[in-house]
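S.K.: Spelled out from the first residue to the last, the chains are:
There are 2 protein chains.
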Amino acid sequence: MKVKNSAGRIVETEIAGKTIKPFAGAKKHTYNSKVISLTEALKKCGIKDGDTLSFHHQLRNGDNIINMTLAAARDLGIKNIRMAQTAMFNVCEPVIDFIKEGVVNRIEGSINGIVGDYISKNPLSFPVVLRSHGGRWAAIKTNELHVDIAFIGASASDECGNCTGIFGESAFGPISYSQVDAMHADHVIVVTDNIVEYPCIQQEIQERHVDCVAEVDKIGDPKNITFGTTKITEDPMKLQIAHDCVDLMDAAGLIKDGMIFQSGAGGISLAAMKYLGERLEEKDIVASTATGGLTKLICDIYKAGRVKNIYYSQVFDDYSVKFIQEDLGLPADIGHYADPTSKGRTIDGLDTVVLGATEVDVNFNVNVNTHSDGRLLHGIGGHQDTAAGSSLCIISCPVFRKTTPIVREKVTTISTPGDVVDAIITNEGIAINPKRKDLLEKIKGKLDVVPIEDLKNTAYDATGGPQELEFTDELVGITKWFDGTILDVIKKVKE
Amino acid sequence: MKVKNSAGRIVETEIAGKTIKPFAGAKKHTYNSKVISLTEALKKCGIKDGDTLSFHHQLRNGDNIINMTLAAARDLGIKNIRMAQTAMFNVCEPVIDFIKEGVVNRIEGSINGIVGDYISKNPLSFPVVLRSHGGRWAAIKTNELHVDIAFIGASASDECGNCTGIFGESAFGPISYSQVDAMHADHVIVVTDNIVEYPCIQQEIQERHVDCVAEVDKIGDPKNITFGTTKITEDPMKLQIAHDCVDLMDAAGLIKDGMIFQSGAGGISLAAMKYLGERLEEKDIVASTATGGLTKLICDIYKAGRVKNIYYSQVFDDYSVKFIQEDLGLPADIGHYADPTSKGRTIDGLDTVVLGATEVDVNFNVNVNTHSDGRLLHGIGGHQDTAAGSSLCIISCPVFRKTTPIVREKVTTISTPGDVVDAIITNEGIAINPKRKDLLEKIKGKLDVVPIEDLKNTAYDATGGPQELEFTDELVGITKWFDGTILDVIKKVKE
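These protein sequences, in sequence, are chains A and B. The first sequence begins at -17 in this note's numbering and counts up one residue at a time. The second sequence begins at -17 in this note's numbering and counts up one residue at a time.
Just so you know, these hints were derived from the structure itself, not from any lab. It is possible that some hints are incorrect.
Same chains, same label: a pair holds when it works inside one copy or across any pair of copies.
Listed below are the simulated DSSO-like cross-link pairs for lysine-lysine, each with C-alpha atoms no more than 27 Å apart in a straight line [what the hints assert, rightly or not]:
| id | residue 1 | residue 2 |
| --- | --- | --- |
| 1 | K325 | K123 |
| 2 | K82 | K9 |
| 3 | K26 | K123 |
| 4 | K9 | K419 |
| 5 | K213 | K9 |
| 6 | K428 | K10 |
| 7 | K(-16) | K473 |
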């Protein structure tokens, strides 16, 4: 069939078997500022009962955004929000009140400290769902976790929503977590305390995804956004563990030109980076790339020319925030870093990573979520992702802390399965996952290893063994493997 | 229900009404080079008869990739390919043979010159579908145009597929067109002649989207990749038109601090940029942003401090290729620039754009696709997008060329509808779209305007009027408005 379209032309309505609509007129697109208040933004995005709201955690313990957003939602009479934050710190203690008031009734995202403690004792009607960084990205991408409104904190944004966390008074480092929220949420609100001239010159999130720019007084407290100067442990026992981590890398033949490495932000992991930097210097080796979280220690290795690229997804201290303002390096968003559904991830090239644990067990399973008293106090972070991505995943921990055995028969919660954990380095020796025969072969004659059971026995002898917990049937939370399957359940402990 | 998962934990199989799979084991992700030959890449991506293959045109008239890919497909016995290139130049003349051999039977994408001429005389069984830059992005994003295999030319790529067009011997500027192909095609092949150390430091396309990296001898001929030094017209008549363009901007009050401007790459448009730079200097004005294609003229204005940002989506000359290697500025991919389905586009803030035309008509419709003899010789480019995005869209052209009237009763093909065209500036005067009463008001007493009919009459008087074309019923192609509707049809001219 043919019709006359609005430009006066006779056009087909079907081509190659497909219906095609006639041109119905063109109009000018207009440029409008998207800047409004947070409450107006909530209304404009049609917030309603039961919505899922997402947040990133890059403002860490200085974050104002979660609290102020939930307060604004409450003032609008909203109930039964599902939170989908990437993580939440003690500054979010008011979330407990929002739960009590019925504003929040579900959480899919990491919780740390005070709120975790509360929920451990007062489970929500739906268990908290804990995913790794990469697992969360995949869940949002595949719509397993659908976000109604994404809130993206930015230390600078233009009035169209092009924004960044790299500069501005409240700078916190790259907005690495929220790109997937921006792409898949129904509505996107950039929350900022710093409207800059258009176009914002760093564009981690672009206007194409942004509905509103909510201008607020302060997105966070700069003092608490970054951890301050990250301190290396001074405990000789822990320093020894850190040193042994580097010895293991070396014995495994990984300390060589072009190596790719990462560490977590714990005291032992940081010390390991210091020793790694020294080892690179001693052996006159230039590593290729440091991935993951950026710290002053990594910046120092980079400045010394001992690693060519900083390929980071978050920034852990204020030194590093300032550092990347001068030399951006290669920021990698979490999808690039760890999306398990992608065709290639930054961390798949990782030679070695040093990570921590609250507990490990004789099957090399690692717990980073719960304490041995059963309380859910931490998120998974990138633990699973880097463990599976690295050739050599090293867990560093003491065999016991105070009266609690850290190496045990069974971890309280499995955060990362033993299948992808290669070595556990403790103050009482190094245990290698017996499945890694190749690794055992490589280090033979270079380093002493001990059976993991020996480490457990040492821990049990020193402490009298683990506290036996009695659980109720109430679910506090679940841990998921990054492919979306259920790895473990966290149950409420009997009081 | 509860089951024991592969980590030995008893877990729920349903939570909050949703089925949840038990953990079934974890394995290490591995890092593998993706570098193979082009033919191997085609096989690995499962190329088959009828597939849609996409390409970008940033290698312009130096492009080797389209020809070598189609040759490789032909050698594998593949038939009935649909091409979805962003544009195609004379270097792609061999495509005519691929059409004759049945390797290619459909084209959705811009064609220029020789191939366009051939198809105008020998229409394919399916009409060529012409979309603007933004319209193509939207069509791929919404799956109106589904790509089976995207081929992304890169002047540097690491072996994982992180790649760029910014540096390397065959550098051509940013890969701005292919991000949407990378995200939505079933398979993605980076084609490069320059494998660099991992990680590639400019990452316009990231490994997460890339299946294979096809290593070839030469992605293109550097001499023909960029146009060489872009020349400003020396024709005094055209220089006058260019000067009048700037006078109109000025009279409309748009030449002021913070202005955002763009021009096409034609001779008059380029001259307008030269005069605009001079006017900024004279009036001591600092513009905010130059968008669109980058040329030496824009770089000069930027270096002189008369425009703060270069927010470009392609690079038109080799001077600019080298310029951005030193100062990257703000590259904006085509989605950011012009995706009509997005929540905000670079060009929506555009104050003014100077564009060319093969024909214009008394309804301010513009033709950039066909010549007055009916042959399809050009793509739409960003013409529609910038016309609709800008506050003042200026079309610059002479009233006639040789014996052909350019201003006419009806354009041969509507590429951009008159609804979004504000002014037509010719050697015989300035016509303003009568719908733009506000603009007429603003320039009253500052500039003389003439009715568009007068310009048409002048053209007809000088040339004897347009050649009347007789068309067959065979469809050569269609033009689409960027919302996916059909704007016009291009029919075969009777021989």
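S.K.: Since the copies are identical, ignore which copy is meant and state whether K(-16) and K473 lie within 27 Å (CA to CA) inside a copy, between copies, both or neither.
M.R.: This pair counts as between: shortest inter-copy Cα distance 14 Å, intra-copy 66 Å.
S.K.: Could you figure out if K26 and K123 sit no more than 27 Å apart (CA to CA) within one copy, between two copies, both or neither?
M.R.: Classified as both: same-chain Cα gap 24 Å, cross-chain 25 Å, threshold 27 Å.
S.K.: Treating 27 Å as the Cα threshold, decide for K9 and K419: within, between, both or neither.
M.R.: between (68 Å within a copy, 15 Å between copies)
S.K.: How do K428 and K10 come out at 27 Å by Cα distance, when the copy is not named: within, between, both, or neither?
M.R.: Only across copies: K428 and K10 sit 25 Å apart there, 72 Å inside one copy, limit 27 Å.
S.K.: With identical chains, the pair K213 and K9 could be close in the same copy or across copies; at 27 Å between alpha carbons, which is it: within, between, both, or neither?
M.R.: neither (59 Å within a copy, 34 Å between copies)
S.K.: At most 27 Å between alpha carbons: which applies to K82 and K9, within, between, both or neither?
M.R.: Neither way: K82 and K9 sit 50 Å apart in one copy and 41 Å across, limit 27 Å.
S.K.: Could you place K325 and K123 in one of the four classes (within, between, both, neither) given a Cα distance threshold of 27 Å?
M.R.: Cα proximity of K325 and K123: in one copy and across copies (14 Å, 19 Å).
Comparing the model with each numbered hint stated earlier shows that hints 2, 5 do not hold.
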